[in-house]
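Engineer: Chain by chain, the residues:
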Amino acid sequence: MSTSAHSHHDPKMRVEDVRLITGGGKYAADWNFPGQLHAQFVRSDRAHAVIVAVNTEAARKHPGVKGVFTGADAVRAGYTKPPHSLTFAGVNGMKARAPERPVLAHGKVRFVGEALALVVAESAAAAADAAELIEIEYRDLPAVVSPEGALADGAPQLHEDVVPGNLALETEAGDAAAVEAAFANAAHITRLKLEVTRVAPNPMEPRACLVNHDPADDSYLFHVCSQGITTLRKQLSAYTSVSEDRIRFELGDVGGGFGQRTPAYPEYCALMIAAKETGRPVRWVSTRSEGFLSDTHGRGNIIEGALALDRDARFLAMRLEWVNDMGAYLSPASPGHIRNTTICMTGVYRIPALYAHYRVALTNTTPVSSYRGAGRPDIAYVVERLVSQAAAELDVDAAELRRRNFIPPEAFPYKTPTGSTYEYADLPGVLDKALRLADWKGFPKRRARAEKRGKLRGLGISTVIENSGAGQAAKDEVELELDAHGTVVAYTVSKAQGHSHETTLAMIVADALGLPLDRVEVRQCAPGKQQLQGNHTGGSRTTVGAGSVCHLAALKLIEHGRSLAALDLGVEPSQVEYAKGVFRSRESGRSVRLGDLAKNGAVSVVGEGKFGSTFPNGCHIVEVEIDPETGTTEIASYATVDDCGKVINHTVVEGQLHGGIAQGAGQVFGEQIVYDPGTGQLLTGSFMDYCMPRAGMLREISTEEHPTPSKVSPLGVKGMGESGCTASLPALANAVVDALRPLGVGHLDMPMTPAKLWHAVRTARKGGN
Amino acid sequence: MYALNYVKVKSLAEAAKMLASNPEAKLMAGGMTLVPTLKQRLAQPSHLVDIGALPELRGITAKAGTLTIGAATKHHDVATSAVAKKAIPSLAYLAGLIGDPQVRNLGTIGGSVANNDPAADYPAAVLGLGATVVTNKREIAADDYFQGMFTTALEEGEIITRIVFPVPRRAAYAKFAHPASGYAMAGVFVAQTSDGTRVAVTGAGPGVFRWKAAETALGKNPKAAAIEGVALDAGEMNEDIHATREYRANLVRVMAKRAIAQLR
Numbered sequence: 008m009s010t011s012a013h014s015h016h017d018p019k020m021r022v023e024d025v026r027l028i029t030g031g032g033k034y035a036a037d038w039n040f041p042g043q044l045h046a047q048f049v050r051s052d053r054a055h056a057v058i059v060a061v062n063t064e065a066a067r068k069h070p071g072v073k074g075v076f077t078g079a080d081a082v083r084a085g086y087t088k089p090p091h092s093l094t095f096a097g098v099n100g101m102k103a104r105a106p107e108r109p110v111l112a113h114g115k116v117r118f119v120g121e122a123l124a125l126v127v128a129e130s131a132a133a134a135a136d137a138a139e140l141i142e143i144e145y146r147d148l149p150a151v152v153s154p155e156g157a158l159a160d161g162a163p164q165l166h167e168d169v170v171p172g173n174l175a176l177e178t179e180a181g182d183a184a185a186v187e188a189a190f191a192n193a194a195h196i197t198r199l200k201l202e203v204t205r206v207a208p209n210p211m212e213p214r215a216c217l218v219n220h221d222p223a224d225d226s227y228l229f230h231v232c233s234q235g236i237t238t239l240r241k242q243l244s245a246y247t248s249v250s251e252d253r254i255r256f257e258l259g260d261v262g263g264g265f266g267q268r269t270p271a272y273p274e275y276c277a278l279m280i281a282a283k284e285t286g287r288p289v290r291w292v293s294t295r296s297e298g299f300l301s302d303t304h305g306r307g308n309i310i311e312g313a314l315a316l317d318r319d320a321r322f323l324a325m326r327l328e329w330v331n332d333m334g335a336y337l338s339p340a341s342p343g344h345i346r347n348t349t350i351c352m353t354g355v356y357r358i359p360a361l362y363a364h365y366r367v368a369l370t371n372t373t374p375v376s377s378y379r380g381a382g383r384p385d386i387a388y389v390v391e392r393l394v395s396q397a398a399a400e401l402d403v404d405a406a407e408l409r410r411r412n413f414i415p416p417e418a419f420p421y422k423t424p425t426g427s428t429y430e431y432a433d434l435p436g437v438l439d440k441a442l443r444l445a446d447w448k449g450f451p452k453r454r455a456r457a458e459k460r461g462k463l464r465g466l467g468i469s470t471v472i473e474n475s476g477a478g479q480a481a482k483d484e485v486e487l488e489l490d491a492h493g494t495v496v497a498y499t500v501s502k503a504q505g506h507s508h509e510t511t512l513a514m515i516v517a518d519a520l521g522l523p524l525d526r527v528e529v530r531q532c533a534p535g536k537q538q539l540q541g542n543h544t545g546g547s548r549t550t551v552g553a554g555s556v557c558h559l560a561a562l563k564l565i566e567h568g569r570s571l572a573a574l575d576l577g578v579e580p581s582q583v584e585y586a587k588g589v590f591r592s593r594e595s596g597r598s599v600r601l602g603d604l605a606k607n608g609a610v611s612v613v614g615e616g617k618f619g620s621t622f623p624n625g626c627h628i629v630e631v632e633i634d635p636e637t638g639t640t641e642i643a644s645y646a647t648v649d650d651c652g653k654v655i656n657h658t659v660v661e662g663q664l665h666g667g668i669a670q671g672a673g674q675v676f677g678e679q680i681v682y683d684p685g686t687g688q689l690l691t692g693s694f695m696d697y698c699m700p701r702a703g704m705l706r707e708i709s710t711e712e713h714p715t716p717s718k719v720s721p722l723g724v725k726g727m728g729e730s731g732c733t734a735s736l737p738a739l740a741n742a743v744v745d746a747l748r749p750l751g752v753g754h755l756d757m758p759m760t761p762a763k764l765w766h767a768v769r770t771a772r773k774g775g776n
Numbered sequence: 078m079y080a081l082n083y084v085k086v087k088s089l090a091e092a093a094k095m096l097a098s099n100p101e102a103k104l105m106a107g108g109m110t111l112v113p114t115l116k117q118r119l120a121q122p123s124h125l126v127d128i129g130a131l132p133e134l135r136g137i138t139a140k141a142g143t144l145t146i147g148a149a150t151k152h153h154d155v156a157t158s159a160v161a162k163k164a165i166p167s168l169a170y171l172a173g174l175i176g177d178p179q180v181r182n183l184g185t186i187g188g189s190v191a192n193n194d195p196a197a198d199y200p201a202a203v204l205g206l207g208a209t210v211v212t213n214k215r216e217i218a219a220d221d222y223f224q225g226m227f228t229t230a231l232e233e234g235e236i237i238t239r240i241v242f243p244v245p246r247r248a249a250y251a252k253f254a255h256p257a258s259g260y261a262m263a264g265v266f267v268a269q270t271s272d273g274t275r276v277a278v279t280g281a282g283p284g285v286f287r288w289k290a291a292e293t294a295l296g297k298n299p300k301a302a303a304i305e306g307v308a309l310d311a312g313e314m315n316e317d318i319h320a321t322r323e324y325r326a327n328l329v330r331v332m333a334k335r336a337i338a339q340l341r
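As you go down the protein sequences, you meet chains A and B in turn. Residue numbering for the first sequence follows the numbering used here, beginning at 8 and increasing consecutively. Residue numbering for the second sequence follows the numbering used here, beginning at 78 and increasing consecutively.
Just so you know, the hints here were simulated from the structure itself, not pulled from any lab data. Hints may be right or wrong, so weigh each one.
[As the list claims (entries may be wrong)] List time: in silico DMTMM-like cross-link candidates among lysine to aspartate or glutamate, alpha-carbon distance up to 20 angstroms: (1) B:116 with A:139; (2) B:300 with A:636; (3) A:763 with B:317; (4) B:116 with A:696; (5) B:116 with A:297.
Let the hints inform the model, and build the full structure from the sequences given.
Structural biologist: Below, the structure is given as structure tokens:
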């Protein structure tokens with residue numbers, strides 16, 4: 008892989024690597040304040056019940072306890088209405104039905120793990136002991152954990168009149184009539200019912216939050232795992248009616264987010280009540296078990312898909328019927344993953360007619376929110392599984408079917424039937440490169456060799472595109488501050504959770520200013536700089552948004568510096584040239600160093616910009632080998648060709664790709680949240696039962712780039728933090744299905760565990776299926 | 078974790094005394110099962126009696142056709158011991174499959190055998206090799222020791238001091254790890270001894286057990302093909318969200334065949 012010409016340092020080394028890898032990171036649980044109290048939440052141990060009574064008397068008397076709070080306190084504070092962004096219109100003008108959610112459950116509990124009381128005490132042990140003394144009288148109600156079950160007649164009602172039928176929203180996209188007409192004339196229709204399983208994002212750092220209340224101005228200071236302060240602040244403010252200017256943050260490192268660290272959780276608001284009431288800092292650190300129960304889950308969609316083709320195997324239309332599981336309440340970030348499935352519904356293909364119908368269901372389960380890709384992997388999974396299935400049914404090469412139906416390069420910018428506009432992609436170019444990299448044509452030989460070893464070898468492909476980079480903030484701002492040493496500090500309100508912003512953003516600034524990398528420092532969400540506007544880190548948007556603004560701010564600093572230097576040099580600004588940290592007057596030959604401009608005080612500029620969506624795209628080709636004796640799958644090879652626009656730092660980009668692919672592999676082969684259908688108890692509530700991907704699962708990923716610069720931002724970059732996950736889900740699943748297809752297996756859902764594959768093989772060999 | 082008294086004893090006698098005088102006390106060696114249980118407040122012992130560092134409980138020695146491993150010997154030490162590798166290589170191999178490096182550097186053979194987790198690895202070797210569990214009170218044959226899920230012949234206050242393994246002619250262990258936990262979903266230890274062939278199975282059933290039909294078949298023909306059609310009742314296997322009884326029964330047969338193919 009070539010090295011970026013813009014790289015000013017060892018491209019393999021990221022600025023944050025040494026700190027994070029040697030244990031030098033400072034995470035939310037690493038903050039401590041004198042006099043702090045420790046919090047313990049009491050959580051519902053049942054999925055659906057009326058709270059008849061909560062007796063806190065014994066807990067209040069327990070030594071060291073300084074406060075006990077319940078749903079009544081949450082209601083008294085008025086902390087009952089979480090914000091949500093399911094704001095798009097539904098069928099027949101339907102608006103989303105958003106249930107209230109007191110930050111501590113009041114009246115009813117609706118999922119196992121829902122917090123309904125909070126104890127704060129002088130020690131974590133005292134708080135835990137006291138929490139066990141709280142007596143709760145419940146009246147059990149029948150629970151429903153499957154979204155299809157929740158929408159069925161006679162299902163237990165979670166929110167009674169507020170959300171009748173547990174249907175939070177019914178919505179649609181595309182043109183139903185056009186699709187119906189196209190299906191009527193189709194030569195072939197491929198149908199699949201697919202589940203994009205519910206998973207637990209599981210960042211390495213457990214959730215933690217420390218809240219200080221300052222009575223002087225009735226403000227709150229948070230130390231919390233966050234993906235950026237602006238969205239969290241806005242949501243906390245909406246939930247609590249505490250104005251945004253009274254919510255401040257001090258953030259260190261964040262150990263993974265994947266969307267799960269974006270929302271304002273009810274626990275945070277409950278801690279605000281406790282901090283204000285006790286006048287003491289209140290600190291809460293979640294256990295992993297609590298995390299499984301109360302951190303938002305991801306995905307959780309069931310899709311009935313149908314793809315219509317003409318006699319030349321050209322796509323005519325696609326129809327998708329979605330059931331989206333949102334859990335017991337609408338999380339503040341929940342709907343993104345629905346909307347994203349319409350933006351890229353057509354995938355990389357010219358499909359003249361599209362229609363999707365969505366029923367958004369509430370269930371007695373942990374709320375679902377955005378998870379790496381937020382709907383983009385879901386739609387790519389559906390489209391790419393349908394396409395590969397159609398190829399198999401029609402006996403057309405899976406790559407050839409894709410090529411035949413690609414949106415051709417000359418058709419860009421391409422307006423899709425669901426109303427979005429793709430900027431550009433060279434899909435045939437990406438595909439050709441990937442087919443070569445993966446030696447697509449050599450597969451039959453490799454399959455034959457595997458067969459001799461008793462292994463079932465499969466070939467899977469996905470060609471995907473996704474919207475990334477755009478955010479909901481009015482604009483992105485970055486402040487650059489120059490000191491007398493000529494060091495430039497870039498302040499952002501985005502927040503890395505392992506994304507290497509300190510490297511990528513610093514490289515952008517250093518490059519624009521012609522400075523060595525070590526003269527630029529990136530500070531994220533710094534105290535005193537929290538008035539800056541901008542998007543949080545999510546939706547693959549930081550390099551597109553904050554990154555582009557870093558570039559613009561640096562240019563602004565040069566222009567501002569030029570006029571200051573002109574005064575010093577006694578010439579007109581137009582006569583001053585800038586290069587590599589030095590302003591020079593050509594006429595006099597005199598010069599002023601960048602740092603000199605700040606000798607009487609720091610020089611600061613704020614850059615800003617607003618950027619739309621970029622459309623990273625790529626092709627992933629996978630080969631797997633299945634051991635029919637045990638059902639174990641081995642990923643034999645993995646090749647990717649990705650177009651993520653101009654690359655700032657190849658190591659960072661590769662790291663994002665690798666992580667995304669591993670996350671996809673985790674979901675395809677092992678991860679799944681499973682509830683007991685009768686009791687609503689979580690059956691996969693620890694790593695003993697919830698199968699995380701292991702490092703050995705992906706031994707080597709062959710990666711090539713196929714960059715076509717985006718014109719959305721001056722950097723030419725495309726947001727690519729999620730594309731690995733988006734492409735890997737369908738590529739891996741297609742490979743497994745391809746391996747089993749010769750036996751007669753036509754369909755499998757995730758997770759494709761050894762046990763499931765062994766049963767599939769056995770059933771097929773018995774002549775079943 | 079509930080508040081408790083932690084006592085690091087200096088001798089086996091002191092440990093026995095602590096247990097005798099505190100009925101709610103619990104022994105701890107590596108703590109690899111006990112500590113997570115305590116952290117989740119699923120147990121509330123009055124005392125933790127730590128015997129993990131007692132020198133008389135550690136060490137690996139081979140003599141006169143036996144390999145003796147002290148109860149507090151760590152998995153890592155067994156996995157990397159030249160003595161163990163020479164005497165019973167399959168046992169050293171098994172120890173290297175337990176948990177992860179952190180677990181292997183804290184967990185002990187005595188702790189594993191005393192806990193008798195139905196999916197632990199060591200019970201398969203102890204039963205498969207027909208080892209002897211030596212305690213501070215007596216010697217217990219493996220066939221008498223394991224009594225089903227988390228149940229053993231150990232009496233209140235009895236402390237395992239060492240395990241004595243007879244060195245087999247050939248032996249092998251094949252494990253199919255649970256994809257999430259890494260415990261055995263099916264682990265089969267096959268040993269050819271002077272008394273015949275023994276086949277011990279862990280992970281698949283409610284406790285470690287001997288697959289006697291396979292032992293008989295292998296006695297007649299020590300080849301993997303010999304157990305192809307040998308009876309194995311899937312009804313006796315565990316079933317849960319991860320795998321059916323039939324799948325586990327299949328794994329037992331497949332792992333047994335793989336172990337037989339690797340006998341050395």
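Engineer: Holds or violated: residue 300 of chain B and residue 636 of chain A, Cα atoms, limit 20 angstroms.
Structural biologist: Holds: residue 300 of chain B and residue 636 of chain A sit about 18 angstroms apart, inside 20 angstroms.
Engineer: Do the alpha carbons of residue 116 of chain B and residue 139 of chain A lie within 20 angstroms of each other, as the hint requires?
Structural biologist: 15 angstroms, holds
Engineer: Regarding the pair residue 763 of chain A and residue 317 of chain B, is the alpha-carbon distance no greater than 20 angstroms?
Structural biologist: 13 angstroms, holds
Engineer: Mind checking the alpha carbons of residue 116 of chain B and residue 696 of chain A for me, to see if they're no more than 20 angstroms apart?
Structural biologist: The hint holds at about 18 angstroms.
Engineer: Under the criterion that the straight-line Cα-Cα distance not exceed 20 angstroms, is the pair residue 116 of chain B, residue 297 of chain A satisfied?
Structural biologist: 13 angstroms, holds
The earlier numbered hints are all upheld by this structure, with none contradicted.
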